[in-house]
Amino acid sequence: MVLLLHSFLKKYVLLIFVLPTVLNAQFYFFGRNKIQYEDFEWKVLKTEHFDIYYYNDFEEMAEIGASYAEKAFEEYKQKFNYIVTYRIPLIFYNTHLHFQQTNTRPGFIPEGVGGFFEFLKGRVVIPFLGSLKSFEHVIRHELVHVFTITKLMNSYSSHRVAMETYPPLWFIEGLAEYWSTQWDSQGEMVMRDAVLNGIYNNLYDMQKVHGTFIMYKAGQKFLEFVSEEYGENKILHLLDNDWRFKKFNDLMEFVFGDNIENINSKFEYFLKKNYYPLYLDHVPHKLNSIKLTEFGFNFSPGFYDDGKSRSVYFIGNHDGYSSLYRLALDSTFNPIDEPELVIRGEKEAIYESFHLLKPSLAVSSKGILAFITKSGANDKIHFYSIEQQELVKRFSNEEIISIQDPDFSSDGTLLIFTGIDWKGYNDLYSYNLHTNELSRLTNDYYSESSPRFNNDDSKIYFISDRTEGIYKQTNNIFEFDLTTYQIKYQTYLDSDIKTLSVNKFTDELFFTSDYDGIEKIWKLVFDKNEVPAGMLNITSNLTTIFDFIFVDSDKIITSAIEEFSFQFYLNEVNEIEDSAETYVTFEFDIKGRPWEPDKIVITSEKDRYEYGKEYTLDYAVSQVTTDPVFGTRGGALLTLSDLLGDDRYLFLIYNTAEIKDEILKNFNVAISRVNTKFRTNYGYGVFHFNGRRYDIRESEQYFYERSFGGYLSVVYPFSQFQRIESSVVVTNSDKELFSDILRRKALLITNTMSFVHDNSIWGPTGPLDGSRFKLLLAYTSDVKYSNVNYYSFIADYRNYFRLSYRSALAFRVSLFYNHGKEARRYFAGGSWDLRGWRRFSIRGEKMWLSSIEYRFPLIDQFYMKLPFLSLGFANIRGAAFVDAGSAWDEEYNDTIGSVGVGFRINFLNALTLRYDIGKKIKNNFSDIQEGMFSQFFFGWDF
Amino acid sequence: MKNYLLHLLLFILFLSCGKPIIIKFNGERKEEVVTYSSFLDGKRFFIDKSISPDFEDWIVYETSGSFSNSSIIKYDKALFSGDLSGNIYYFSDSSDSRRGVLKHKGSIEISPVIIKGQLIFAVNEFNQKYSTIYFYSIGTGKYLKEIKLYDNLQNEFAVLDDSFFVLTQNGLLIKYGSSGKKEWQLELDAEVYSDPIINDGKLFILTSDGFLKIISGGKGNLIKSLKLSESFESAPYVCKSYIVACDTYGNVFKYDYNGEQLHWESHIGSKILAEPVGNNSREIFIADLSGKLTKLSGDDGRIVWQYNSSGILNTAPLVFNNLIIQTDQNKKVHLIDLNGNSVKIISFPGRIKMKPAFIDGVLFIGGDDGLIYSYKVNPL
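Protein chains in written order, with our numbering: chain P, 18 to 959; chain E, 62 to 441.
Chain P extracted, bound-state conformation (with noise of 0.2 Å):
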């Protein structure tokens, strides 16, 4: 164990500290890239509990917010008896997509991520989506998160216990959910097709769900249940006494003073009491509608008809690339075949995303097709011509960040959306194709969506929380006049409208509205004065319709949650029987002035200011070890970044000396510093090293070097998907190889140039979709002694082509070209590359690597339940594969290789477990190993 450490510390510290395009060339990473398109102007906002971190126009909004959060705070501290003593930096961004740059936070930030509580600075941090109530929600269910970490931190700490006992996943999520807003349309959407299909039936599907949003439901749902069971102050009594039991169960049961099964029981009793009785009137999709899709995410349809043929065209993800499809319809509009990609996205700049859960789709009458992407650092909509199948247009704008919501005036010339701008307004805006004239509508706070244009294109009916009076900040439908730009009310409910629709055949206006629990379509209807009366029901379904078109007078495609699965549906539109129930008149009661939100507004300087970098420890460990051969050694590591993570130091010193008279000599020190707050990130530090090492490169004897320097790195991406990279390392490297009693002395430059692309798309254990490739070129020489003078080149190129939704062909060729003096070698052989051959057996200045390799999967979940113990795996994936690789020096030698196949399994997604078997080849593949290799070992597929 010492040994590796020791190892470990000495091999690897240099590719932590001393990127490894340098004197580790060989191992490398690819990866899409994380752009910070923008360079925000942060400013701090500090109110009596947190310090607010906006930037450029966001300040009315980040007033508004730090109301949301101060009250949340007074109602928090008492709901948890709890206060927390630090000041809390909450960090807003003005859209999703400026939330997606955030530093915070290392990897990709998902589309379905409205905000997270990063522990390690305290950090919440939180994009705002274009409503006020959606940001207020999204805040409190972030500082519920702060109060129960921080509480249940101290409470550990009083209690001298370890954090073993912390809860479960969905007991943090579905409380965060609980304590911060009401049930709503969303969890009634998810948690009703889970239960009535079977998705989810009680606690002990909790792990069936984890982390889905079904969890963070289920969790809200039966917190709900406690409530009403056990009683409410039953819930702060399990965050009381949740340092006092290792497993949840037993805390509940001690808590609820009941065991876990009739906990369990009656939870699933008040499941099915809520939910089954709903058979009675409402039917499931599958059976009241003809299906058109089955399979992947399905939405914002759009219906062309050219009087030739029919078609829907949609955002879609079937395959784990979003993309722009179409189905063909026939005459009675079902489809003729399975739907057909359009334009893939995901896998080029101008198409980086696809907004899947955004409306973001329309289609002209003149067949030109609009759809929004986001390209770089905001949303672009892209205009497609379908007759000539390709694209004619492209809009954006640099004050609008996010768009989605279009439409079109019936003659094709105007497009309608909605768009959040730097100030975070969330407003309908109409442009013109012909002129390229952008109008903007509105320019408010309040939040605009799904507008349409009537029939004669006179109006914009739209959603707006303008609502005021006793319905204040519901989401209701109005009217804008493109004439007078007066808005006026045309519903009035306590409840949300979601989307709208105008039948355009008819020139009604239908909606989405969870009037009765979720999105059913309503019909506006009018009384004979031509005035908004009251509306109607139009359909029954069990669970949610997301989105609709009008593709007959009385024909509709839904796009509907079933089974957690998003299909279109091809409806009838029948009026239910008039009842109470299904007509809703609206009672206008409109006075006053329109709703304004809380603010808190601070003057003093002291409390409102330019942002200058704060900096925190984010992580340090020491470790002392000792061992009979190679003594003591001891170190440590540190990191310090700026709040907002756009700026790192590390620092790592540790000692080697095996005598006393050698501690001085033998710090080892390393301080590097990475800032990634531009687009080109940057990085620069210095080193010291000293002490025997063990470079497998060079022999397997020892070595003893010294050596000392700095680093600048530097690297530029130019989307997503591709970058490039450049390094200048200078190395004063003092050598001695033990065995040969040499020295060699160099001062060494080392200039590194490479082009990287990755457009890759990952299964459980490694690439499925898409390609990768790296090009390197790199020079290396000793300006003072001429020692060494070498240079580098590298290609690196990997094609995954997908041959079904889980298995692949993979294929790679590599190239390793080192020529000079002392030209470091590379090294193969192993699970990585040559599977069969002894790790790092396969040496030379030069190499070169082939790899053909079939995916798939073989067991998709596997579980042993013993009487004392239960053990599980999922995703166990199966390879089959052949490798073909040489390495020499100054003449070729033999071209060697394997084949064989394997087994994989993702631990905990943290790394992959390897099991390969086969036959060694060599002699050019002339030779087969008699018997088989087996090998086990880590590690991604390439």
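No wet-lab data here; the hints were simulated from the structure.
Quick reminder that beta carbons are idealized off the backbone N, C-alpha and C, glycines included.
Worth double-checking, as some hints may not be accurate.
[What the hints assert, rightly or not] Reference excerpt, derived from the structure (chain E facing chain P, CB under 10 Å, subset only):
#1 E123
#2 S127
#3 N400
#4 N402
#5 K405
#6 G411
[What the hints assert, rightly or not] In silico DSSO-like cross-links for lysine-lysine, where the CA-CA straight-line distance does not exceed 30 Å:
#7 K63(P) to K288(E)
#8 K168(P) to K405(E)
#9 K150(P) to K489(P)
#10 K168(P) to K288(E)
#11 K88(P) to K393(E)
#12 K243(E) to K168(P)
#13 K392(E) to K623(P)
#14 K288(E) to K150(P)
#15 K96(P) to K166(E)
#16 K164(E) to K63(P)
#17 K190(E) to K263(P)
#18 K405(E) to K623(P)
#19 K251(P) to K190(E)
#20 K393(E) to K168(P)
#21 K243(E) to K616(P)
#22 K288(E) to K96(P)
#23 K225(P) to K263(P)
#24 K88(P) to K332(E)
#25 K405(E) to K264(P)
#26 K88(P) to K405(E)
#27 K138(E) to K96(P)
#28 K263(P) to K164(E)
Given chain P's structure and the hints, the job is docking chain E onto it.
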């Protein structure tokens, strides 16, 4: 190196063992019952004295865990306190040295009591669904008895003569004699999250479903059960024939329990966990979770003033004739005059958790970091 490591390991092992609490007295042995309440003249939190706001730093005692709303007790020159890591400590009242510690795996969330030379304390056992009441002889340093109760013990013991009462969270009230023999028990049919109060031989208990239960301390029979509100989680203030009770919705009631009549009802607005405190002038002081300390007129329940600490107040204030000491979980102790004005705010490095105790002219305040700060308080 090996020897060095072995010695180091032995030393650590030695340190981790408990050191028994054995008290040997020179001089007169005190036999009376010692409880937290007994140092407050039976009135819990009102002290009929005037004091200077300038405290003199005295001793800081160290424990290893933090505290709940329990408190410290004193027996002769010995101080006893439990902590949330399950330890019970014996300190000297004149130095910071720790004279003894008893270690358990769990937490001690209520103040210990001393009856007939026995230290009696309750441990909520780690990873178990029961709690244990221990009887420990402080003269011999031996455990005499253990009683297991399958419940949570977070309500203070109440003591009457040589007996004491245990009130579990699930509403089981038990009377034990000094030897640990059960004399009677009574199911209250409700959960209880507040301390029982003894007055005139009777126990007064407010339940989580809004009832006031009055029980005879001698025989254990239920004398009265009166529905006052929706839910209580704080103890009542009992004075003569009336009580003052605060519910979890911020309502305060003054109730004549003999005549079964409501005198007045007042509304403070925030959840109240601390018990109300009354003084000689018939004023009522109430601390709530929104951080407000409110003074009400005892005659009509009118709000006289409210002091906003901006923190969270879940312990009752100590009320003197001229000064109020209010601990605040937000790492502060507020000194407030009787007109509601701030006199001084003392800040601490950790949260203030313990109920403050005023014993023999010394004020004790316990913090999150396991430290008990003591101050000499001078009379005016």
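Restraint: E123(E) near chain P, CB-CB cut 10 Å. Satisfied or not? 13 Å, violated
Given the hinted pair K168(P) and K405(E), is their alpha-carbon gap at most 30 Å? 28 Å, holds
Please work out if K88(P) and K405(E) have their alpha carbons no farther apart than 30 Å. 27 Å, holds
Would you check the hint for K243(E) and K168(P), treating anything up to 30 Å between C-alpha atoms as holding? This hinted pair is violated, its Cα atoms lying about 37 Å apart.
If you draw a straight line from the CA of K88(P) to the CA of K393(E), is it 30 Å or shorter? Roughly 22 Å separates the two Cα atoms, so the pair holds.
For the pair we were handed, K168(P) and K288(E), check the Cα-Cα distance against 30 Å. 33 Å, violated
With a cut-off of 30 Å on the C-alpha distance, tell me whether K164(E) and K63(P) pass. 45 Å, violated
Are the Cα atoms of K96(P) and K166(E) separated by 30 Å or less? With a Cα-Cα distance of about 29 Å, the restraint between K96(P) and K166(E) holds, given a limit of 30 Å.
Holds or violated: K393(E) and K168(P), Cα atoms, limit 30 Å. 18 Å, holds
Hint status (Cβ of S127(E) to nearest Cβ of chain P, threshold 10 Å): Status holds, d = 3 Å.
For K263(P) and K164(E), compute the direct alpha-carbon distance and say whether it is at most 30 Å. 20 Å, holds
Was the hint right that N402(E) lines chain P, CB cutoff 10 Å? 21 Å, violated
When held up to the earlier numbered hints, the structure conflicts with 1, 3, 4, 5, 7, 10, 12, 14, 16, 21, 25, 27 and fits the remainder.
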